Amino acid sequence: MNRKSLLLFPIFLGTFFILTAQETKVYFHEDKEFQEALALYNNQQYQAAQAIFEKVKATSKNSETEANSAYYAANAAIRLNQRGADKLMEDFVERYPTSTKRNSAFLDVADYYFETGKYPYALKWYKKVDESSMSHADQERFNFNNGYALYASKRPKQAERYLSKVSNSPKYGSQAKYYLGYIAYEQDDYDEASARFDQITDPELLNEKLSYYQADLNFKLGNFEEAIAMAEKQLPKSDRKEKSELNKVIGESYFNLKRYSEAISYLEKYRGKRGKLNNTDYYLLGYSHYKQGDYEGAIQQFNKIIGGTNSVSQNAYYHLAECYLKLDKKSEALNAFRNASQMDFSADIQKDALLNYARLSYEIGNPYEPVPEVMAAYLEKYPKDEHQQEIQELLVDSYITSKNFEGAMQLLEENKGYASKETYQKVSYYRGVELFIDGDYEQALERFSKSLKSAENSNFEAKAQYWKAESEYRLNRFDDALISFKRFKGLPGVNSIPEHEELDYNLGYCYFKLKDYNSAISHFKTVTNSNLVDSEKRGDGYLRLADSYFVTSKYRQAQSAYEEASKMNGPERDYAAFQKTLCSGFLGNNSAKIDGLNQFLTRYPKSSLRDDAYFELGNTYVKTGQESVGLQTYDQLISEYSRSKFAPRAMLRQGLVHYNASRNDQALVKLKQVVQKYPSTQEAKQAVATAKLIYVDEGRVSEYAAWARNLDFVEVTDAELDNASFEAAERKYVEGKSDAAIRAYEDYLKEFPNGIHALDVNFNLAQLYYAKGDKEQALAKYQVVANSGSGEFTEQALTRVCEIFVEKQDYQNAIPYLERLESTAEIVQNRTFAQSNLMKGYYGQKDYRKTIAYAEKVLNASKIDNRIKSDAQIMIARSAIATNDEVLAETAYKEVQKIATGELAAEAWYYDAYFKNKNQDFEASNTAVQKLAKDFAPYKEWGGKGLVVMAKNFYSLGDAFQATYILESVISNFSEYEEIVAEAKGELSMIKAKEAQTNSSVDPNGN
1 MNRKSLLLFP
11 IFLGTFFILT
21 AQETKVYFHE
31 DKEFQEALAL
41 YNNQQYQAAQ
51 AIFEKVKATS
61 KNSETEANSA
71 YYAANAAIRL
81 NQRGADKLME
91 DFVERYPTST
101 KRNSAFLDVA
111 DYYFETGKYP
121 YALKWYKKVD
131 ESSMSHADQE
141 RFNFNNGYAL
151 YASKRPKQAE
161 RYLSKVSNSP
171 KYGSQAKYYL
181 GYIAYEQDDY
191 DEASARFDQI
201 TDPELLNEKL
211 SYYQADLNFK
221 LGNFEEAIAM
231 AEKQLPKSDR
241 KEKSELNKVI
251 GESYFNLKRY
261 SEAISYLEKY
271 RGKRGKLNNT
281 DYYLLGYSHY
291 KQGDYEGAIQ
301 QFNKIIGGTN
311 SVSQNAYYHL
321 AECYLKLDKK
331 SEALNAFRNA
341 SQMDFSADIQ
351 KDALLNYARL
361 SYEIGNPYEP
371 VPEVMAAYLE
381 KYPKDEHQQE
391 IQELLVDSYI
401 TSKNFEGAMQ
411 LLEENKGYAS
421 KETYQKVSYY
431 RGVELFIDGD
441 YEQALERFSK
451 SLKSAENSNF
461 EAKAQYWKAE
471 SEYRLNRFDD
481 ALISFKRFKG
491 LPGVNSIPEH
501 EELDYNLGYC
511 YFKLKDYNSA
521 ISHFKTVTNS
531 NLVDSEKRGD
541 GYLRLADSYF
551 VTSKYRQAQS
561 AYEEASKMNG
571 PERDYAAFQK
581 TLCSGFLGNN
591 SAKIDGLNQF
601 LTRYPKSSLR
611 DDAYFELGNT
621 YVKTGQESVG
631 LQTYDQLISE
641 YSRSKFAPRA
651 MLRQGLVHYN
661 ASRNDQALVK
671 LKQVVQKYPS
681 TQEAKQAVAT
691 AKLIYVDEGR
701 VSEYAAWARN
711 LDFVEVTDAE
721 LDNASFEAAE
731 RKYVEGKSDA
741 AIRAYEDYLK
751 EFPNGIHALD
761 VNFNLAQLYY
771 AKGDKEQALA
781 KYQVVANSGS
791 GEFTEQALTR
801 VCEIFVEKQD
811 YQNAIPYLER
821 LESTAEIVQN
831 RTFAQSNLMK
841 GYYGQKDYRK
851 TIAYAEKVLN
861 ASKIDNRIKS
871 DAQIMIARSA
881 IATNDEVLAE
891 TAYKEVQKIA
901 TGELAAEAWY
911 YDAYFKNKNQ
921 DFEASNTAVQ
931 KLAKDFAPYK
941 EWGGKGLVVM
951 AKNFYSLGDA
961 FQATYILESV
971 ISNFSEYEEI
981 VAEAKGELSM
991 IKAKEAQTNS
1001 SVDPNGN
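If you're matching positions, the sequence shown starts at 1 in the UniProt record's numbering and goes up one per residue.
Please note: incorrect hints may appear among the correct ones.
DEER-style ranges, computed between Cβ atoms [what the hints assert, rightly or not]:
| id | residue 1 | residue 2 | range |
| --- | --- | --- | --- |
| 1 | Ala-728 | Glu-703 | 51 to 61 Å |
| 2 | Asp-595 | Ala-689 | 15 to 25 Å |
| 3 | Ser-311 | Ala-882 | 45 to 55 Å |
| 4 | Ile-497 | Glu-369 | 31 to 41 Å |
| 5 | Glu-979 | Ala-740 | 52 to 62 Å |
| 6 | Ser-662 | Glu-703 | 13 to 23 Å |
| 7 | Ala-740 | Glu-501 | 39 to 49 Å |
| 8 | Ala-592 | Thr-552 | 15 to 25 Å |
| 9 | Asp-130 | Ala-58 | 23 to 33 Å |
| 10 | Glu-369 | Ala-740 | 51 to 61 Å |
| 11 | Lys-241 | Thr-280 | 31 to 41 Å |
| 12 | Ala-882 | Gln-920 | 19 to 29 Å |
| 13 | Lys-985 | Thr-280 | 21 to 31 Å |
As a list, the in silico DSS-like pairs of lysine-lysine whose alpha-carbon atoms are at most 27 Å apart [what the hints assert, rightly or not]:
| id | residue 1 | residue 2 |
| --- | --- | --- |
| 14 | Lys-381 | Lys-416 |
| 15 | Lys-537 | Lys-606 |
| 16 | Lys-677 | Lys-732 |
| 17 | Lys-326 | Lys-351 |
| 18 | Lys-750 | Lys-677 |
| 19 | Lys-606 | Lys-846 |
| 20 | Lys-241 | Lys-258 |
| 21 | Lys-403 | Lys-381 |
| 22 | Lys-154 | Lys-243 |
| 23 | Lys-894 | Lys-846 |
| 24 | Lys-677 | Lys-606 |
| 25 | Lys-931 | Lys-898 |
| 26 | Lys-384 | Lys-329 |
| 27 | Lys-918 | Lys-898 |
| 28 | Lys-291 | Lys-269 |
Please keep in mind that the hints were generated in silico from the structure rather than gathered at the bench. Fair warning: this is a prediction, and the values are worked out from it, not measured in the lab. Ideal Cβ placement from N, Cα and C applies to all residues, glycine included.
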């Protein structure tokens, strides 16, 4: 019941009629106008009466009649609510201080204002009344009215003083006790309220007004059965608002009696204050459903409890978590347990909630904080708990589950009793694999070695030994790799693990790198004869087998192996075809070689070996006496591949052909073209030397000297000194004396900056500086070689320049070199490297069109690993997001998901959740976020973004608790990511504003 409605309770005082009878009897005299005005006044015709009273007051010669007229005129003004009416009455009191109407005026005006509900005005006039001069009847009326006016003006203590004076009055007693009881009720003095209400005898009050309050009082006094009985009795007589309140009393009484099924129907009928329930109301309903085993129904109520920070909320969140668990909604349960564990109103609930929070974090992952930190926090808070061993084991496993293997290793090294040596063996192995995948082979090698020192499990011992060998191979420590692979081969049970299938392949490569080609041949033969090796590796095995034969001059066997490699249709089939034709030449069948090279040029129009093929074809034509065709072939090579390293060689060969045929003028033209187009290359220097021979033969030495002096890369007179200086430095290089070689090479460049061997020296210096880790020094030397044109080391130097700039993320400088590398690279992997980094460089420059174009080139390249594929797909996806092409982005991220690892996989799973949310597939979106939280916990930024999506999902699914709790957790735990926090705050504010419309416990301002 709305308490304000009590103020409208009817009060029959009869004040006005008593006053009229007195006036007629006491103040009657023969003045006709006065009597006429008085009659109008008694008939409530105040306007007309006022006019006549004013006239009589102005003309009467009788002081009493004048005073009475002034009194009634002022009274009429008050009843007409005229401006200044109060002033008229005050003027009357001041002007006629001896009038018998003075006290009556105060009381009459106060009663008038009281009857019209203007209690502050009434109190003003009651204050002026002289209580000692009133009759008994007036005094009772005065006390009741004054008391009620004070109560209505929210001054209950003062009201009690006046109402108490009439609590035993036959006329006002019941009403006074009612209000006195109600004041006690409002002040939570339920015993006093109950005593007052019990004294009321007025049947109207008993029937109409007291049942609700007595029901509520009984509820608050713990008399639940009595409260139910009284409320049930009152329900049929109540209005809509009272019904709502009575349903609350009945529902909560049943709740306290643990009669939950009966409580639910009444609690559901309660409409709240001003149409809004609060957190406690939702808790009562939720708990009632929970006790009935209706977990869905319980969740629907519990999850409306937002922002609660009291014992009711802690209890609610704990039971909400239990309901979620009953329905196998573990992610939701995690949040609710976490919330309950962060409150300390009940120590038992807090502890149990934290225990369950820790267990669930281990089982499904934790998006807010690292799982190991959750376990460690429990062990710290409850160090001697009966669950200590369980949590210790989960702590170790949580590092493993969250793939924080480095953390697990550190934990186990500091707490050896937490797990067995076998666990440490596995953890260090997994960390080694992780580092290997990231390309950090040195650190991976260290972890595999640690794993081997704790070799309890033979299976993991074999795996660690194998990947230790792989790490050593990647670090170019081929001798060590060979020893490790052989050790792997000798371990027990090695045949049962998949890595064993690639052992001969790896041994073959070790021997190949160590130039023990006969041993390499033995192992590559095993690879090609095995059905266990996949077709790609078998194809590669045939190639390396062929190469080993080729290097050892076993051209017929090489040719046969190259033929088999071609049949495998692998990515290097063009290389196999090319090498096979070379074998024909070495076997003396130049006709077959020429046919084979021409077939190669027709069959492989996009091969990176076409310039090699043209060069070999030209050489073979010249060698077989087809000089003209050979020269034309060289021309074709120079025309189509002017930037190839074979272009200057072909041009030099043309000059030599003319020179050998005594066509000296034509020879000089070609030789000078080599010098002009490819200065500083070895071919240019050889061209100068050959041109010198021609000029000397023809006696044109001065002409040669004039020409040679204009060449800044040749110092003809210092040639012997140049060669001697170079050979001295080269000797130290070959002997492995790196520091001495660096000093010698630098001295050479100071003496001969454009010397004959300047390019070789710059390249060797670059290699030495790079090996020492001095990449800035190396870069400068590599750039000299890369910028020189098409020399022997150009591609290698160009690749290194790109690598160094890319490593520094300096794409501004890297892009021109990457473009050159892409267009000139003969090694497929180098071209793919260039395209991959051009893709990243253009993305950094926000050139999304070129980014996507290069990403597609990368994806079309042959023989690329999954890491490069995922890089390409992620570039396409990010570019699509940047250009608002979400259809393309969704497709690309799905591809990334299939192959990516680490942070790229985390990004892909975030967008999986993002697009599913957009498609309103909220449950599936949440599943993706859970995957992100469990498997990619180290990538906190993506986890935070995923949580915001999860919050949106839950709110769309009607779970306000999960939505708000997740957003509040994001705001608390992801402060380093300002954009994520800003989005979370915006979503939280919007949700709270909506929830505040139905839940009075929620701050509508989102606080």
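Hint check, failures only: Checked against the structure, the hints that fail are numbers 1, 2, 11, 16, 19 and 26, while the rest are satisfied.
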